[in-house]
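With chain A fixed as given, assemble chain B onto it according to the hints.
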Amino acid sequence: MEPGGTRISQLRRGVLEFCVLALLGDSELYGFDLVRRLAEVDGLVTSEGTIYPLLSRLRREGWVATSWVESEQGPPRRYYALTEDGRAALMAFCAEWSRFRDAVDGVLSKGTR
Amino acid sequence: MQAVVEEYLARLRSAAWVLPREQAEELVAGIAEHLEQARTSGGANDEAAIRTVLDRLGEPEELVAAARAEAPPVAVPQWGRAAPERPRALHEGFAVGLLTLGSFVPVVGWLAGAVLLWTSRRWTTVHKVVGTLLVPGGPGLVLLLASMPTRTCVASISGPIVVHAPGAGADPFVSSPDAVEAQTSCSGFALSGGWGIAVLALWLLAPLIVAVWLWRSAQTAVAAEAPVVPGRGPGGWGALEVAGVVLLCVGGFVVPVVAPLVGLGLVLASSSWSARQRNIAGALVLVPLALCVLLVVLAVMTMSLVAGVELVLAFFGVALGPLAAGVYLALTLGRET
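As you go down the protein sequences, you meet chains A and B in turn. Position 47 (the first sequence) corresponds to 44 in my numbering; numbering is contiguous. Position 236 (the second sequence) corresponds to 241 in my numbering; numbering is contiguous.
FYI, nobody ran anything at the bench for these hints, they're computed from the structure. Glycine included, every Cβ here is placed at the ideal spot set by N, Cα and C.
Listed next, the stretches of chain B that the computed footprint assigns to chain A, with coverage defined by at least 3 CB atoms under 8 Å from CB atoms of chain A: (1) 27 to 33; (2) 39 to 53; (3) 59 to 66.
One chain only, chain A, in its complex shape:
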């Protein structure tokens, strides 16, 4: 896929972080489980590995907190959780997204009539 990607992939990139926040909003998750759940949603993720840099950025921004959990089978695993700031950002996005989605749906349906 070329650097810019198709328009859909650009849209995807914009909303993916909020999908991640939403999944973490339900419960704390290990990286692997988070990626698996995202992958289950059709059309949301192309390269699963790109979730990890996204998680790093969310952590740097303070929307996601990580903790290390000891594991019997080897090195400690990273556990991701939503922070208060992250939750606030997610709720703000949800409100905007509803309006945006309805607006775009409305225009598109008129346009294709």
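Showing chain B alone in chain A's frame:
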């Protein structure tokens, strides 16, 4: 099967060279953890399954491109650490160490600590004055003074004294068989046992308590500071910097005075340290040196022989001041302390 994973991770590591080191390590660690989990709980037990997982992860180049897109804007890949990190109170740690432990190095050690104390930006004037007055010279000086006698008692015996000279290599000795009177006269001042120990303990404890107080104040001050991106000067660790630091650290023991001064010159010419750091290093080298010169001049002027103590002091000043400067510079290169 493990070889496939190792090969992928190797490709990822090498593609990630363009990222700041901390981010690169984080990315590789996250992917490695993902692959480990895929194997243990994800049921990817044979090569085909692993390859599927790797395909779904994406090509290493894609992951690195995504990491670059997420990274804070950094124009040029930087050597070493580029992520902002908590500033550390290295300068103040050095000062506290020199004021306490360094005071066991006569004069110079405590002086070096005092220089760093006064040039700190994290301590207020109150801190600095207290740190200097309690106790000048530090615990080392206190112990040194405590070991010197301040009270001498002389016992005098009146009566004939016989000197025996047995010869044949034995030492002559004195006896006073008809001692009439024994008198003891004491001069000087000493506190009686209990008091003396109490005062000594106080003078030893005070600098230690002050040191702890200074250290904690520095930590509090540092905690309130914004994260700092440790920038490397245009030079970083070049030949100039290495030569300068080496000459400062060990040159004083090999070619006194000259080598450390040359080292200082090299350091001053380098652009890898801030002006402030260079000034501090200069003070650490030149102040003890000036003191030694003063000592020598005084000895010559008063025509007194340079005793062992003064020689030792002179040696330390000439070699250990620069050593402290060299270590300080080595630890603080490229970092604002």
